[in-house]
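There are 2 protein chains.
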Amino acid sequence: MNDTAELQVREEHPCHGGVVRFYEHTSRVLGLRARFGVFLPPAAVAGQKVPVVYALAGLTCTEETFLIKSAALAEAARLGLAIVTPDTSPRGAGVEGEDKDWDMGTGAGFYLDATQAPWSDHYRMGTYITQELPALVEAICPLDGTRRGITGHSMGGHGALVHALRAPAFWKSVSAFAPIVHPAAVPWGEKALTAYLGTEREAWQQYDAVCLLEAGHTHPSTILVDQGDADQFLERELQPWHLEKAAAAAGQKLTLRRHAGYDHSYWFVQSFAAEHLRHHAQVLGQG
Amino acid sequence: MNDTAELQVREEHPCHGGVVRFYEHTSRVLGLRARFGVFLPPAAVAGQKVPVVYALAGLTCTEETFLIKSAALAEAARLGLAIVTPDTSPRGAGVEGEDKDWDMGTGAGFYLDATQAPWSDHYRMGTYITQELPALVEAICPLDGTRRGITGHSMGGHGALVHALRAPAFWKSVSAFAPIVHPAAVPWGEKALTAYLGTEREAWQQYDAVCLLEAGHTHPSTILVDQGDADQFLERELQPWHLEKAAAAAGQKLTLRRHAGYDHSYWFVQSFAAEHLRHHAQVLGQG
Chain A
1 MNDTAELQVR EEHPCHGGVV RFYEHTSRVL GLRARFGVFL PPAAVAGQKV
51 PVVYALAGLT CTEETFLIKS AALAEAARLG LAIVTPDTSP RGAGVEGEDK
101 DWDMGTGAGF YLDATQAPWS DHYRMGTYIT QELPALVEAI CPLDGTRRGI
151 TGHSMGGHGA LVHALRAPAF WKSVSAFAPI VHPAAVPWGE KALTAYLGTE
201 REAWQQYDAV CLLEAGHTHP STILVDQGDA DQFLERELQP WHLEKAAAAA
251 GQKLTLRRHA GYDHSYWFVQ SFAAEHLRHH AQVLGQG
Chain B
1 MNDTAELQVR EEHPCHGGVV RFYEHTSRVL GLRARFGVFL PPAAVAGQKV
51 PVVYALAGLT CTEETFLIKS AALAEAARLG LAIVTPDTSP RGAGVEGEDK
101 DWDMGTGAGF YLDATQAPWS DHYRMGTYIT QELPALVEAI CPLDGTRRGI
151 TGHSMGGHGA LVHALRAPAF WKSVSAFAPI VHPAAVPWGE KALTAYLGTE
201 REAWQQYDAV CLLEAGHTHP STILVDQGDA DQFLERELQP WHLEKAAAAA
251 GQKLTLRRHA GYDHSYWFVQ SFAAEHLRHH AQVLGQG
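Top line first, the protein sequences correspond to chains A and B. Take the first sequence: its letters are residues 1 to 287, numbered as in full-length UniProt numbering. Take the second sequence: its letters are residues 1 to 287, numbered as in full-length UniProt numbering.
Derived from the structure by calculation, the hints contain no laboratory data. Treat the hints with care, as some may be off.
Claimed, not checked - The calculated lysine to aspartate or glutamate pairs, modelled on EDC-like cross-linking and capped at a C-alpha distance of 16 angstroms, are:
# : chain 1 : residue 1 : chain 2 : residue 2
1 : A       : K253      : A       : E214
2 : B       : K191      : B       : D101
3 : B       : K245      : B       : E202
4 : B       : K69       : A       : E64
5 : A       : K49       : A       : D144
6 : A       : K69       : B       : E214
Small disclaimer: the values here were computed from a predicted structure and weren't measured.
All chains, full assembly: derive it from the sequences and hints.
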């Protein structure tokens, strides 16, 4: 089966000399139609292969959120970086209760592969964002698959950290905005990991950045994390001090910046998104 | 009655070293609760009076749209410019049919004062954005009322051009993205002006930028207009050549730039919003 089968460009808009596109395709991994967004900088529109940052959004968001709200496209255009934005979960899987809670099911896929029924048939965002989506988007757009970064916000920050630590040769640069660093130890994570992976906590470790660091997984580049100190989820769900402690113990280079007054919103994300892209560009040897 | 009575801050978010706020208040002019947004740059947060650009959104939009989608706040922060964003119409006026069409009534106030029943009781966005809102927001925020600019997109571009030409001493700088330049001659405008102002076309001229130029109204600064040449509304609703012709005849300085491939969306607006802010800053003697 051809990965580009049933691929549809839903929207295409010139932007900052490049182009924003929203695609829909039939995902083999998810067993459903799925959507993603792409920003191609002017260099890519001109046919040049460019490095690419995958940006994972948080709970309740979609493939549109980061592209619309991060205000990062001018800087991506300037740096010659592409951005790819997957959705945050499968849509329309038909799992009972998947639309009931905003922090579970639809819009809350946690970038992992569920092993528990009834989620395991479709909730496979882990394989989707690390295999199917890169293979597809890098086949249809002029992206340099040897220079690939990953970032994300909140649940997406969790996804970025986890996948970069699991596959540091695949994701060469990594950053996060207000990430869930230790889902195994906080309410959002406990709820999702229990449902998707079962009650056996050992299975959770592969999807927990702090546990991965404790188990010896590190990333060769510096991890950049920004966190607002007025974030309404800081104490209960985010707890970045666990990441600091685990990184220090593992010898992982980490730049964790606390920003006075900033909250959990995209007003916070957009304030630092251009700096994150410069971090990725520098690690990826661009610009 | 105190203009700041019943003023409520609905949201406040630090952003780019400044702050985004969304307010709600009781508008005497509209006779309803009304919402608006403000971005204050770092200089204003530090207490300094800063110049301000009022940004008017287009059909179906709200006070949130420009702040979320223009990606202009980093540049506003850098330049030390505030941005004020009114809503696009009264909300909940209770006029029969006001929610029926997307180009009439709710979300489509056209920045004018309706004279025709049943619209005339509440649809008074003209006086609202030129008197009540500036008096209110400049009383509660450190804004320099002697350095005030106006911009807008589509219907909001119409509003910006019209009000700048009607009161050039009040609005010292002016720009527009894909504006409706000649509403009296296009379907969107004919529909709205007929409903709001009646069938007597002479009454329409005060709310039509081309008619105002033809009647001798000019602005002392250069008007900056950006227009995508792939804009889906270009031929039917926007017709910027009327503005070029009228400006040339009136001796009005106009920079009208056509952009190959760009459409009518905020992906277009965000591509040029920073340049518009630099235009305003330059005319307002800032930065």
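Verification of the supplied hints:
For the proposed pair K253 (chain A) and E214 (chain A), the alpha carbon gap of about 14 angstroms is at most 16 angstroms, so the pair holds. Taking the CA atoms of K191 (chain B) and D101 (chain B), the gap is near 11 angstroms; set against the 16 angstroms cutoff, the hint holds. A threshold of 16 angstroms between alpha carbons decides the hint, and for K245 (chain B) with E202 (chain B) the separation of about 20 angstroms lies outside it, so the pair is violated. Between K69 (chain B) and E64 (chain A) the alpha-carbon distance is near 12 angstroms, which keeps this suggested pair within the 16 angstroms criterion.
With a C-alpha separation of about 5 angstroms, the suggested pair K49 (chain A) and D144 (chain A) falls inside the 16 angstroms cut-off, and the hint holds. The straight-line distance between the Cα atoms of K69 (chain A) and E214 (chain B) is roughly 40 angstroms, outside the 16 angstroms bound, and the hint therefore fails.
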